[in-house]
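*Asks:* Here is how the chains run, residue by residue.
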Amino acid sequence: MAETATNTNTGKPLETQEYFINMGPQHPSTHGVLRLMLTLEGETIHNVEPHLGYIHRSIEKMCEKDTYAQIIHLTDRMDYLSSHMNNEAVSLAVEQGLEVEMPERVKVIRTIISELTRLSSHQLWWGVFGMDLGAITSFLYGFRDREMIIDIFEETCGARLTMNYNVPGGLMFDIHPNFQKRTKAFVEHFRQKLPEYDQLLTGNVIFEMRTKGIGILSKEDAISFGVTGPTGRASGFSNDVRKHNPYSAYPQVEFNEVLREEGDSYARYKVRIQEMWESMSIIEQLIENIPEGDYKVKTKAVIKLPKGEYYQKVETARGEFGVYIISEGGKSPYRLKFRSPGFSNLSALNHMAKGVKIADLVVIMSTLDLVIPDIDR
Amino acid sequence: MNIYDFKSLTDSIHTSLSVNLSPSAVTIIEFIIIAFAFMMLFTLLGLILVYAERKIAAFFQLRLGPMRVGKWGIAQTAADAIKLILKEPLVTKNADKFLFNLAPFIIILSTFMALGAMPFAKGLHALDFDIGILYLTAVSSLGVIGILIAGWSSDNKYSLIGAMRSGAQVVSYELSVGLSLLTVVVLAGSLQFSEIIASQEAGWWIFRGHIPALIAFTIFMIAGTAETNRGPFDLPEAESELTAGFHTEYSGLKFAFFFLAEFVNMFIIAGIGATVFLGGWMPFHIGNWEGFNRIMDFIPSLFWFFGKVAFLIFLMMWFKWTFPRLRIDQLLRLEWKYLLPINLVNILFMAFIVLMGWHF
Amino acid sequence: MKAIVKYISSIFSALKTLFKGMAVTGHYISHPKEIITQQYPENRETLKMFDMFRGEVVLTHSESNEHRCTGCSACEVACPNGTIEIINKRIEMPDGKKKKVIDKFVYHLSMCTFCNLCILSCPTDAIKMSQDFEHAVFDRSQLTKVLNKPASKLMEGVR
Amino acid sequence: MEQEQLKERILSVVPEAEFEITGGYMNATVPSAKLHDLAKNLRESEDTLFDYLFCLTGVDWPDHMTVVYHLKSTTHGHNVVLKAKIDSRENPEIDTVSDIWQTAEFHEREVFDLFGIIFRNHPDLRRIFLDDDWVGYPLRKDYVDKVNIIEL
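Chains as they are written, first to last, in my numbering: chain A, 1 to 377; chain B, 1001 to 1360; chain C, 2001 to 2159; chain D, 3001 to 3152.
So that you can see chain A by itself, here it is in the shape it has in the complex (with noise of 0.2 Å):
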């Protein structure tokens, strides 16, 4: 160990220091523009600080000027990987506020919609952490899958990722004739595709051996720290809102919370393996039957929230998702809060990196599945 190394020319020990690395914010696995200071001692992390706002655009603050119609397009522009979850929580937080009731048809869509864009986020994800391991062929595996639901999205609002499908009052457009036809054939191509995700790097010995045991999180100091979604869910943190504070369609439809004990990096990993199995199930359940009837409440032109405090909450592919509205009456609300689920999830970084080596802070960065515009806003 460093402590113990002599000069053998003088028998002095040999002096070591800790150094300082910038980390980002052009790194090819920090996933955008995130820049971490490490401390470093040989490759073993010391501390890991990280140093936001690069794309900080103050999001909150343009959403003060904005009506309630145009604050939606903005919440894409945040995670924009689950951007039709970012949507909905707008949407049913002013649906909320004008207390008016969607009808079915829009509740099941809404929920088959954000089940599809939680599959493509978690497949960018996968291939995207096997790029971060090395193994990069996962990368464009993953892509093939997801261009399909892209594909679904982009027939049916015309926009690939940043949708701005929901409105407040329900969607902007009915969907397309050939949306059902789709989404099955995409769910019977993945049901096949996804066990090769398992035998490509699940069971590998190497695989296993980057992931187990690195970055543990205990399930107390993930509630501590507010880690929502599938990583506070492998702590074993009980998180979902789909469960607990069920909206849209998701209270008619059967599926599992999936929680694991281990916290670590491959339990992180398992838990979004099975949360895709779970998602096609959800959407398999609503698929068939998609209720007749309007897709759209009728709304007035210029939306103004009664006065008081609206927080609505959804699941997104990262975690819980939060939108408080503060309203004085106004077309526009008087204070806006996103409660995005990758600024907490950072915060908990350097107390699972302390410690593990360079290689395995960016298994745990990719395991925690960072989006940076989620986290500067």
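Derived by calculation from the structure, the hints in this document are not laboratory data. Glycine is no exception: its CB is placed at the ideal position from the N, C-alpha and C atoms. Some hints could be false.
[Stated by the list, open to error] Partial list, derived from the structure: chain C residues whose beta carbon lies under 8 Å from chain B: (1) Ser2013; (2) Tyr2028; (3) Gln2039; (4) Met2093; (5) Gly2096; (6) Met2111; (7) Ala2136; (8) Val2137; (9) Ser2141.
Fit chains B, C and D to the given chain A structure using the hints.
*Replies:* Here is chains B, C and D on its own, set in the frame of chain A:
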């Protein structure tokens, strides 16, 4: 055996030159010819292997790979080479300029020296030492000095970490490469490449050496991949951790040297593997099936060698594009706790088999 | 002895998992039909975007160069980013009355987030999203477009 | 715990607390000086056990500021919203809760960065998004920035 012997070609060049030139002039001209031939081979190998890697990787990943420059993108690597030559060679401000510029040449030098001892075909063999295997293993690991110098002189912490990883890795895996080759040396009874090849006339060692030869081959492939710093052992580069490791700060032609050396090193490892385990340029022979053996002999020896090498290189690419990368402590554990002990037992086992005369 | 058996079996099970992974990639290299690459500029003819695709905002013109935009500015108000600017002018009608019509429908493509709110807000269905997605230009000023064609008129009966 | 019981519970710690039910949550407004004690009490008592702070918001009102804490108990499943009222807008200060919930460390840095509320005893109170030399607090209502904010 009626395989074409390149010795007749080299001899005829030698005699035609000797007719009206002094012996020292002939030696110099022959040196120049050989040097030119190796340089051509080096660039050609680089171009072909880079193209092959990109295409094969693409097909593993459901892509098409380069398709734009030339039919099927054949001229892509040539275009890349021109681009790299034209690029500005950047040097970081606080870099140790002399060492920084020296490092790529050390790496290129070590690959050239190793390439010189390759037996390409019958009679086509520039250096046939009687300690050929020792020479090759010694020279091919000289490259790590270049990597260490590159990492140190770049004045970049990522480079330094990459270089240190590379040092630890190559020094450890050198042992396994050497020991697995020794297993076959025990069988063949010689360190000279030409003799090792000649001893495989009745069948390649991987088939004739029972299980120990197979184990040795597996270990050689793993350790060889590690020695060339290729995935899953590409820790010195480790794109997702260290951006590009030891060659982060290099650009232009100097970067091209590192890049080229990596691919030619892969060729060298595959070449050693093919020579020692798969009979080098020796055609595929089965015992005393005269007819079958004669048909096999019709395929030129050059094709046999390059075919085997291509197969081994494909195997190494297959590893790289499938497996995740190891961590540095796991990498060293694999060597010292698994490969090395197995190797030592394996050599004993092989010596026992040879002593009892049990091999075919 | 038990330890040695465990040691050896761990090696074999590890190798087995590695081969499993190689089988997946091996499957794909031997099945080139599964390749998903699209050769983009070459397949321009066959590449068709979905009808819903939001490429850019266009003002539809009929064959007789008439559009449906009354210049009510609803889209300008609905736009969150100030992408649309409507400049109106007053012209004298044949019967002597003055009427407000659009002079320029300015569209800043560089500021557009393709949220579709302008299309929804338009009372006369004058604008729609086109499926054109090749927006790259060499000069930023080219991204500011005037959508109404020269000498175009308001369609009869639209108010 | 039912909302009525919770109300009594909070009143027993902070007698001057005001209550309001909006958005499905019970809101308790308390003076900023009492917040830390109340939070610690609610976090540690067996019957309340609010161990999960899921949202921490700063709000700038015309004459005062509030910090809003959304709390949930993962064992009991009940929610409460605490609002700490800070009277001064010029010199807003409040005790940190990052010793109670670790996630508050980041959230409080964000509130400090954008509202200028100083959290006493915070281990590492620096700007989190903006540069260290940034002037002003952007999410305050009276913040003016002619360069970066484009008024439509």
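*Asks:* Hint by hint, which ones does this structure get wrong, listed from lowest number up?
*Replies:* 1, 4, 5, 6, 7, 8 and 9
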